[in-house]
Each structure stands twice: as C-alpha cells, then as structure tokens.
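Going by our numbering, the first residue of the sequence shown is number 567, and it counts up by one from there.
FYI, nobody ran anything at the bench for these hints, they're computed from the structure. We put the CB at the ideal spot given by N, CA and C, even for glycine. Careful, some of the hints might be misleading.
To be verified - Calculated pairs, SDA-like style, for lysine to any residue (alpha carbon to alpha carbon, straight line, at most 25 Å):
no., residue 1, residue 2
1, 705, 658
2, 667, 716
3, 633, 655
To be verified - Derived CB-CB ranges, DEER-like:
no., residue 1, residue 2, range
4, 581, 627, 30 to 38 Å
5, 579, 637, 50 to 58 Å
6, 630, 724, 23 to 31 Å
7, 577, 702, 47 to 55 Å
8, 725, 579, 39 to 47 Å
9, 649, 743, 42 to 50 Å
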Amino acid sequence: MNKTRNWTKRIAMTILFIMALIATFQSISGVSAFSVLSKVKNEISTTESVTGKVSSLEDLDWSKYPKHNVTATGYTAGAESTGKSQGHPEYGITYSGVKVKRDLFSTIAADLAVYPIGTILFIPEYGYGVVADKGGAIKGNRLDLYFETVEDVYREWGKKTLDVYVVQMGNGKLTEAQLQALNEDKSLQVFRQQFINSEKR
Numbered sequence: 567m568n569k570t571r572n573w574t575k576r577i578a579m580t581i582l583f584i585m586a587l588i589a590t591f592q593s594i595s596g597v598s599a600f601s602v603l604s605k606v607k608n609e610i611s612t613t614e615s616v617t618g619k620v621s622s623l624e625d626l627d628w629s630k631y632p633k634h635n636v637t638a639t640g641y642t643a644g645a646e647s648t649g650k651s652q653g654h655p656e657y658g659i660t661y662s663g664v665k666v667k668r669d670l671f672s673t674i675a676a677d678l679a680v681y682p683i684g685t686i687l688f689i690p691e692y693g694y695g696v697v698a699d700k701g702g703a704i705k706g707n708r709l710d711l712y713f714e715t716v717e718d719v720y721r722e723w724g725k726k727t728l729d730v731y732v733v734q735m736g737n738g739k740l741t742e743a744q745l746q747a748l749n750e751d752k753s754l755q756v757f758r759q760q761f762i763n764s765e766k767r
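Between the sequences and the hints, there should be enough to build the whole structure, so can you do that?
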C-alpha cells in the first residue's frame with residue numbers, strides 16, 4: 567500500500583513538473599509549438615474528411631492562410647552562402663541561434679521586417695519553413711531556403727517565384743526545443759517520412 571502511494575506521488579509530481587516546463591517554455595518564448603501543431607492537425611483532419619485522404623502536404627487546403635508571392639533561392643551552411651567553413655565556431659548556426667536543419671520544418675532565411683524570427687510558412691515543393699535566419703541579400707519578399715549541399719540547391723530548387731502561405735507569424739524568437747517539437751509531433755510523422763524518403767532519392 568505504501569509503495570503504491572509513493573508511486574502515485576511520483577507520477578503526479580512528474581506530470582506537474584512536465585506541465586511546469588511546458589508553461590515556462592511558452593511564457594519565455596511567447597510561441598506555442600502546440601498551437602501551430604493544432605492548426606496543422608486541424609487542416610489535415612478537415613482535408614481527410616472532405617477528400618478521404620491526404621497523400622502529401624500539397625493536398626491540404628492552403629487557401630485559408632494568407633498568401634504571399636515571393637522569390638525563393640537556396641542556401642547552405644557552407645562558405646559559398648555564409649562565408650563560414652566547417653570548424654568556424656558559428657558554422658551552421660542561424661541568426662536566431664538554432665542550428666540549420668532540413669526536415670519537415672526546415673530553417674529558412676527572410677527579411678525580418680516582413681517575416682519575424684519564428685514565422686512558419688508553407689512553401690510548395692519544399693515544405694514547412696521556419697524563419698530562423700536573415701541574409702544580406704534577403705530583402706522584402708525574398709526567402710532563402712536551407713539545403714544541406716550546393717548540389718541539393720541546384721538539383722532540387724534553384725530559384726523560384728511562387729506563392730507561400732503564412733501558417734503563423736513569429737514573435738522574434740525561436741529555440742531548438744520549439745523546432746524539435748514541430749519536427750517530432752507524432753501525428754505529422756507520415757509527412758516527415760515522405761519527406762525523408764524523397765530526400766534519399
């Protein structure tokens with residue numbers, strides 16, 4: 567009986583501790599990764615109920631989100647894009663402080679006067695981009711999308727003018743924990759797996 571009571575207390579304290587961490591994370595950052603994920607989940611469930619299936623992110627109804635026409639180019643963490651080579655202490659580190667990442671939610675660069683740090687965009691043929699960086703030549707309606715290699719930039723993107731959709735405007739902050747929470751949400755792993763499979767081709 568005493569062991570059961572102790573375990574119950576431990577479980578309750580663990581739950582309270584986790585809830586406190588989440589509350590602290592949200593109050594410090596001002597952005598709730600959970601609010602973005604709930605928007606995306608709602609969009610997926612709505613599309614599934616209308617069409618019966620969602621095979622890719624492009625199948626979702628993006629017309630509900632503000633649309634902006636932009637010119638998008640690609641960049642890498644290397645010297646050709648950033649002037650920093652491997653071994654430099656800031657290699658692969660964005661203006662926001664997070665590491666560059668190509669994933670379901672990838673790091674992108676934008677004019678911070680137009681898209682503040684933490685802004686989440688859906689970019690057709692690329693996926694979700696989270697504004698984490700800025701660039702000297704990235705002004706106005708221009709974006710720079712992160713790719714791992716120069717070859718990936720040329721093979722997969724180049725330079726495109728297209729419509730992107732604003733999922734959520736940022737508040738000027740982005741942390742590794744927020745980016746990780748977006749990329750590891752269980753309900754989106756089917757899309758992440760599709761992304762990973764397409765990247766390997």
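Quick rundown of the hints versus the structure:
no.: 1; hint: 705 - 658; verdict: holds (21 Å)
no.: 2; hint: 667 - 716; verdict: holds (15 Å)
no.: 3; hint: 633 - 655; verdict: violated (37 Å)
no.: 4; hint: 581 - 627: 30 to 38 Å; verdict: holds (36 Å)
no.: 5; hint: 579 - 637: 50 to 58 Å; verdict: holds (52 Å)
no.: 6; hint: 630 - 724: 23 to 31 Å; verdict: holds (29 Å)
no.: 7; hint: 577 - 702: 47 to 55 Å; verdict: holds (52 Å)
no.: 8; hint: 725 - 579: 39 to 47 Å; verdict: violated (54 Å)
no.: 9; hint: 649 - 743: 42 to 50 Å; verdict: violated (28 Å)
Consistency with the previously given hints fails for numbers 3, 8 and 9, ordered from lowest to highest.
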